[in-house]
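Undergrad: Residue numbers (numbering that gives the first Met the number 0), protein chains in the order written: chain A, 0 to 240; chain B, 0 to 240.
Simulated from the structure, these hints should not be mistaken for laboratory data. Glycine included, C-beta positions come from ideal geometry on N, C-alpha and C. No false leads were slipped in.
Below are the DSSO-like pairs computed for lysine-lysine, each with C-alpha atoms no more than 27 Å apart in a straight line:
hint, chain 1, residue 1, chain 2, residue 2
1, B, Lys226, A, Lys109
2, A, Lys226, A, Lys109
3, A, Lys226, A, Lys187
4, B, Lys109, B, Lys226
5, A, Lys226, B, Lys226
6, A, Lys109, A, Lys187
7, B, Lys226, B, Lys187
8, A, Lys226, B, Lys109
9, B, Lys187, B, Lys109
Just so you have them, the derived chain B footprint on chain A, three or more residues with Cβ under 8 Å:
hint, region
10, 87–97
11, 105–116
12, 173–187
Protein chains: 2
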Amino acid sequence: MTFLPAPSLSASPARGGRNLTQGMLDTVGRAIVTGAYDGVPFPTEAQLTEQHGVSRSVTREAVKMLTAKGLLSARARVGTVVQPPASWNLFDTDVLRWLLERTFSVELLKHFTELRLAIEPEAAALAARHAEAHHLEQIRGGLDRMRNADSGGDDPLDADIAFHVAILQASGNPFYAQLREMVSTALKTSIRLTNRIAGRNANIVDHAAVCDAICRREPDLARAAMKALIQDVLDLIDTVE
Amino acid sequence: MTFLPAPSLSASPARGGRNLTQGMLDTVGRAIVTGAYDGVPFPTEAQLTEQHGVSRSVTREAVKMLTAKGLLSARARVGTVVQPPASWNLFDTDVLRWLLERTFSVELLKHFTELRLAIEPEAAALAARHAEAHHLEQIRGGLDRMRNADSGGDDPLDADIAFHVAILQASGNPFYAQLREMVSTALKTSIRLTNRIAGRNANIVDHAAVCDAICRREPDLARAAMKALIQDVLDLIDTVE
Chain A
0 MTFLPAPSLS
10 ASPARGGRNL
20 TQGMLDTVGR
30 AIVTGAYDGV
40 PFPTEAQLTE
50 QHGVSRSVTR
60 EAVKMLTAKG
70 LLSARARVGT
80 VVQPPASWNL
90 FDTDVLRWLL
100 ERTFSVELLK
110 HFTELRLAIE
120 PEAAALAARH
130 AEAHHLEQIR
140 GGLDRMRNAD
150 SGGDDPLDAD
160 IAFHVAILQA
170 SGNPFYAQLR
180 EMVSTALKTS
190 IRLTNRIAGR
200 NANIVDHAAV
210 CDAICRREPD
220 LARAAMKALI
230 QDVLDLIDTV
240 E
Chain B
0 MTFLPAPSLS
10 ASPARGGRNL
20 TQGMLDTVGR
30 AIVTGAYDGV
40 PFPTEAQLTE
50 QHGVSRSVTR
60 EAVKMLTAKG
70 LLSARARVGT
80 VVQPPASWNL
90 FDTDVLRWLL
100 ERTFSVELLK
110 HFTELRLAIE
120 PEAAALAARH
130 AEAHHLEQIR
140 GGLDRMRNAD
150 SGGDDPLDAD
160 IAFHVAILQA
170 SGNPFYAQLR
180 EMVSTALKTS
190 IRLTNRIAGR
200 NANIVDHAAV
210 CDAICRREPD
220 LARAAMKALI
230 QDVLDLIDTV
240 E
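Next comes chain A alone, as it looks inside the complex (with noise of 0.2 Å):
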């Protein structure tokens, strides 16, 4: 299964340093994320230079990354300041990431779940619609990889998120195919915890009454199975706050 390269907000042209900018990225965006900045004043530009031990054009490069991110911004007569996190932009991966790896997020996964619930259902009903024959390849793929991690033989997380982005991408409308790599992102994290209080891998059932109903053409009928499927996540998530 081949997806186009989704736009990525840390792409950089490929040269010397990109791996250490890529390193701090991670570092500070990390940082700002769990709060280590919180009520001091974000470092200057020498500031952080010395203490990553790196370039001052690294450093340059790195925060204007985190500014892109929505994770700081520039002040005039103030310098470089965090956003506060409603600022942060969530349909970034690496924010979500970040978000995501801070401390158990129950709240952050609820409010993604309820995404999914809007995004997902309508979907599949595009996808009835519209998938070609390659698409139902990718969506029926990524259910047989499903009951094949059942017995042991694949990845649960990867088939399960392989199902879902295929679904996706069916649709025929670059806006929901666009945010599989954001739903991938948040996925892991997800599929991993449900799994753990349902105390089992996803429901294969429910998967493949959603993959029927879209390879027999029934737009309502995959909507509502996709509903009933993402909001069981959301009532076992509602079940740990």
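Got chain A sorted already, so can you dock chain B onto it with the hints?
TA: Just chain B, lined up with the frame of chain A:
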């Protein structure tokens, strides 16, 4: 009505050259989207710098931002190349604006409205559950502005957008709230089109039904009312195709 600043992919530390970078970003971004580089190699950094009469660092910055937006990528031994449209980040307001301005793209508006059909009914249902007093005031304020616009006392476009954005904000879910910039950007074109087709401003009665259901804390009614409203938009758009 004040909203938190949304994360912007084009955010960049305020300093000299920022306006030049923004200008170049806009020019080159629009050129890529309108197909100016289709079938020809993308210019080198030196060529771009000369063509646009800017400094090398302005060029480098603009190319980096276009890369982050999914329009360009750097390949070893090939240089910078234009990415296929499927890689362009539709959740980036610059990219979305360039695409909407390109030529009048009914298909893009249809796809966007299919996304709204997922997002906004659920947002309305969440708002009916979670909206606080000041959120309800903002939603009612948006509706008042729409009524006022109907008799020429306000801008019908701004009023309509304010109503829809207020509901996203009232959802109490940060993922929905963060879609406000993107929804505002595309609604500008969408509302203009549908009002022209329908030969009138937005349907106040339909919007009032959504507002009432949210204020009366009826999630299912709010969802259904918003769904009906957006399905009407989709039906109108389908008459154009």
